[in-house]
Structures are given as C-alpha cells and as structure tokens.
Amino acid sequence: MPAGERESARQPAQLTDPVLAALAPAASAPPQGVKRLELRHVSKSFGGVHVLRDVNLELGTGEVVGLLGDNGAGKSTLIKIITGVHQPDEGEIYFGGQRVTGMDVQKARMLGVETVFQERALADQLPLWRNIFMGRPVSGRLGFLKVGEMRRATADLMGESMGFTSAVLTPNTNVKGLSGGERQGLAIVRALHFQAEIIILDEPTMGLSLKETEKLLHFVEGIKAAGKSAIFIDHNIFHVYSVSDRIVLLDRGRVAGQFLTSRYSLNELMDIMREVAATGAFTENERYRREDGTPEATTKSSEEHA
Amino acid sequence: MTPAVAPAKPSRARSPIAAFTGSWASQIGITVAFLVVWLLFVIGAPSTFLNSRIYLAFAQTTPYFAIAALFLTMVIVAGDIDLSFVSIMSLSLVGFVFTWQATGSVELGVVACLAVGALCGLFNGFFVAVVGIPALVVTIATWFLFGGLTLVLVNGKSYPLVDTTSSFSYGLLAGRIGTIPIQFFWLIALAVVAWLLLNRHRLGQNAYVIGDNAQAAQLMGIPIRRTRITLFVLVGVASALAALMNAFSLTNFYPNLGSAYQLPTLAAVFIGGTSVFGGRGTIYGTFLGAFMIGGIQAGIVAVGLTDYYTQFIYGVIILAAVSIHVVLQRRFE
Chain A
1 MPAGERESAR QPAQLTDPVL AALAPAASAP PQGVKRLELR HVSKSFGGVH
51 VLRDVNLELG TGEVVGLLGD NGAGKSTLIK IITGVHQPDE GEIYFGGQRV
101 TGMDVQKARM LGVETVFQER ALADQLPLWR NIFMGRPVSG RLGFLKVGEM
151 RRATADLMGE SMGFTSAVLT PNTNVKGLSG GERQGLAIVR ALHFQAEIII
201 LDEPTMGLSL KETEKLLHFV EGIKAAGKSA IFIDHNIFHV YSVSDRIVLL
251 DRGRVAGQFL TSRYSLNELM DIMREVAATG AFTENERYRR EDGTPEATTK
301 SSEEHA
Chain B
307 MTPAVAPAKP SRARSPIAAF TGSWASQIGI TVAFLVVWLL FVIGAPSTFL
357 NSRIYLAFAQ TTPYFAIAAL FLTMVIVAGD IDLSFVSIMS LSLVGFVFTW
407 QATGSVELGV VACLAVGALC GLFNGFFVAV VGIPALVVTI ATWFLFGGLT
457 LVLVNGKSYP LVDTTSSFSY GLLAGRIGTI PIQFFWLIAL AVVAWLLLNR
507 HRLGQNAYVI GDNAQAAQLM GIPIRRTRIT LFVLVGVASA LAALMNAFSL
557 TNFYPNLGSA YQLPTLAAVF IGGTSVFGGR GTIYGTFLGA FMIGGIQAGI
607 VAVGLTDYYT QFIYGVIILA AVSIHVVLQR RFE
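Line order of the protein sequences matches chains A and B.
Here the first sequence is numbered in the working numbering, starting from 1 and rising by one per residue.
Here the second sequence is numbered in the working numbering, starting from 307 and rising by one per residue.
To be clear, the hints were calculated from the coordinates, so they are not data collected in a lab.
The beta-carbon is built from N, C-alpha and C at its ideal position, and this holds for glycine as well.
Treat the hints loosely; a few may be bogus.
What the hints assert, rightly or not - Here are a few chain B residues that face chain A, going by a calculated C-beta distance under 8 Å:
1) Tyr-514
2) Ala-522
3) Gly-527
4) Asn-562
Sequences are here, hints too, so could you generate the full structure?
See the structure below:
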C-alpha cells in the first residue's frame, strides 16, 4: 500500500467533536504498562463445538486492535465475552489489571465497555431517545424515568454528533424510518454517550455508503486520539488495516497471529491470512520480526502450528 | 462540529405536522372508531344512550375485564401473552373464600386473594422466562391447571358471599361513590398506574424493548427474565383484584366466574392497537377497546337486535379496528 494512501486514512481526529470531547477525561486510565483489557486462556464452546480455544488478547490504553478472521473464526463470540453477553467456559478476564469475575452486560458497561453491535441492537418501533438509553435509562427514585432529560440529551446528541439536522427527525421519531447510515450513527453515539473506555465496533461498515464508511474510519481514529481503546472487527481488511495499531488474526477459534500494522504491510498480511485460511498456520517467509515490540504470540503461534 | 457519522440526508418529505399525526395516527384512529360506534348506538337507541343509567351500568361491568386488559397490554407489549388470567380469577377467589372461612376476616381473605394472584403470575412467568416455553403454550396449560385446581379445591361448589357486604373491603371494592360504582374509580386509577408503568418507568421501557427486539434487549443488558416475570405477576394481581370486585358485587363465588371474559378481554387489547408481535401498544387504546367491548352487548339489545348478534358484532368490530390500526400504521410510519 503506498504511503500516501495510508496517510490520508490517518487524518488526526478533531477533538472539537463534542462526543469525543465528552470522552476526553480519561481519569480511570490504568497506570502505564497496565493493559486496559486482558483475556487469558479464554475458551468457549456451544453444544460441544469449540468456538474459542485458549485465546489470549490484550488491549492497551489508546490502542485500536483490529480483529480479523474468516466466518466462524470466533470473532463475534470473542466480543460477546468481552461485552458480558456470553460467559467464558474457561479463562480469566482482567480490566485495568484487575481480574473480573461474574461478567454480565451490566457489569461490562459499568467497566466502560460499549459496543456497536453488528446487529445494531436497535428497537425499530421505539423513538430515538428510548434507543439511546436502552438498557440504562435515566430514572429517579422508584425507577420512574426522567423522560425530559433523556429527550433533551438525545436532541443534543442528534444535532451535535449524529449530524441529524433534518427537521422531521426528533427525539420522538421512531427508528423504523432511519437509513442504514442513520442507524449506525445512532448505535455509535449510543456507545459513546456513556463515558466508554473500550469501544467495540462489530462490522460497523456493513451497509454503509462509501462516504459514511470514510466518516466512520475517521471516527475510529478519534477514539484513539481521545485516549480510549477500541476493538474493530470488519470483513474488510482494508478498513481494519487503515485504523488499527495491531491486528489479531483469529482462525477456527484460536489466535493465529498478531501483527503490528507498523511492521507489516497490507500485502504481507493478506498473504499471511490466505495461508492461515488454507492451512491454519503461517510461516514467516521474509525476515523474522521478533526484535522488540512485536507481541510474543506472533512467533509462538507460528511455532505451534508449524 | 464534525458529525460522528455521515449526516442524514433528508430522506423523507414529511412536515412536522404530518410527523405528529403520523406518530399518533393509530390512536386517533381508535378514538374515531370508538366515537362512530357510540354515535351509531346513540342514533339507534337515543332513549337508552342519552340516559346516564346505561353509563352507570358500563362503569360497573367494564372494569371486571378492563383491569386485567390494562396489565395484559403490558405483557403483550413485551411479546408474551396470558390466556390464563380468567383461571387466575377463579383460583384467587378460592384463596379468598378459604382464608375468609378459616379466619373470619374478609380483609385477610382479600390479601390472600391478591397473593394467590401474584403466585399464579409468578408461576406463569417462571415457565415462560426461566424454563423458556412460549407464553401462549404455558398459559393455555395454566388456564387448564388453575381452572382445574379451582374445581378440585371447591368440588365444583359455589359460595354465597352475602356475609361480606358489611366489611370495609366490600365497600372499597364493590361500593359506590355517590351514584357512581367504585369499580369505575378503580379502573381509572389503575389505568393511570398502568400508563405510568408502561410509559414512564424502567419496567415499561424494558417491556417495549424486549417486545420489539429481544436480541437487542439481551445485548444491551436489559433484565429480560425479571421484566417478563414482573409483568405476569402484575396480570395475576390485577386479575385477582378484578375477580374480587366481580364476586363481591354478585355476592357469590362460582368456580367458572370470569371465564366468559377471556376472549373479550384479549379483544379489547387488540382493538386498542396493541401488536400481538410485541413492541407496540398503548394503555389508552386498551381503555377505549375495553369500553367498546363492554358497550356492545348492551348496545345491541338497546337498538332492538337480539343478544344473538353480540358475538357477530364483536367479530366485525375486532376486524375493523385492527384493520384501521394496520392501515394507518402502514400509511403514516
């Protein structure tokens, strides 16, 4: 990939963006060297099928990790474990160096994990404000909702962050009539409204136009600039490569390798992916790269499979 | 200001006024339908329908099933259904009768009745939300189960409740305020409670999301089991309360009390625009739907038709009302 093309994808994010500005206070950032998120030896099976086997994954502060893998590699299961939707059969999860047990969605969200799901997770027949606050409505004593507050917050987010300027769209508009891009905007703004520390984007470019995709990739850069971490999952390796610091390659439930995008070119990665898809392993045919920053897993897993 | 994602293209050519009527179209539709039916009855039988006596009768009889319909609406909004509520009515009254006879206290009997209603709801909710059987199947089973248990427990007998009429609870549940039956005030108060729970409470917010998109509810960490069980418990308690009102005003308990209400109550909910698929429904619609169902029988007789027309007209009204909702939704949303 020519350097110029790569540079254009890496425009600096504008911190004037109010959503990013809201994210800016990274008070709960873990101390230097401690990973924001760490999975150790995580396994999960459904009905006897091993979807994940002994997966190790780290996510640093301000790091964007791209998760690549063929259909059925276990990407969605992995993120559903991080978001608390599924519980791992084996293995440990650490947030900011602290082991967390008994994970569920509420706990994950309390720990600052917000997700833009592949399925969007929107309720079509409900108004925008009820979708923004889905799962964590603002309520007072006895659980009664503060509807006015939520409508105002939604109106602010719509104007500032989603770019919904059309007069027919109000916080009371149902999601049903929204376009694919509008829905994605809603799902992203929802993830960011709640002081997220780790933002997981599962196939976020699916169904987006070219222009919308460009905006989205630019936005992922913004997450990083705000000192937040992100896990980015996409079928499209070009998208993943352009925004990720590190790429984790999953194959049939295992981590097949990890690659810093600063060290591997897109073409090299694509060759490796092809090899992994065909044989389940890969060989480093050019130069061994294990000098300093390269994660250990790179060589370890290639040895394992060799 | 940099939008997070591409700005929305103004894809719809809708004015704000159209947007407003659009989002309320369904409720405007049911209101118009209600008024049309009422006007037909006024024209057909002015002496009956311009006299307050028939409205006082409606005020007493409609709450018997409308109260259950209000909370049934919330269960259906969450994508479930409850057919067993008529059997909950009779089984909870068994709780009343047995406790009252054992302790001599009507008030304790009332508490027992409501508790049995809550337990029946819990039972339904457990099988639906924890065991994972579809609500239709569970509540067909418990309709038989609760109704059958009632027959077994009372041996098919009925119990006169004349001795309860001097109690405080009797006045509270079957008395009058001025000339207006107290059941009507209960209905209004519970309609307000149901509206608040559905529209202004976490419970209702969660019910709408679960009914609209259960997968989204799971992904966003909504307490699905707890919400569904709570809604079934509410239907159980509401059914028990309505059953008490009914039995007190009849001063009699018989095992299949309430059984005639099953389908008309569900009809009231669907006439009101609640979707059987979940995610959509209003307390306002159910309230009007209940009075349409409640008024038809008296109206038919008053305009000079025989009572045999009742079921036929129910069918016409249900189909017409639901068609109005579907067409208006497709047109405006």
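Taking the hints in turn, this is what the structure says about them:
Among the interface hints, the one on Tyr-514/B holds; its C-beta lies about 6 Å from the nearest C-beta in chain A, closer than the 8 Å criterion. For Ala-522/B, the interface hint holds, the least distance from its beta-carbon to any beta-carbon of chain A being 4 Å, beneath 8 Å. Against a cut-off of 8 Å between C-beta atoms, the interface hint on Gly-527/B holds, since the closest Cβ of chain A lies about 3 Å away. About 37 Å separates the beta-carbon of Asn-562/B from the nearest beta-carbon of chain A, more than 8 Å, and the hint is not met.
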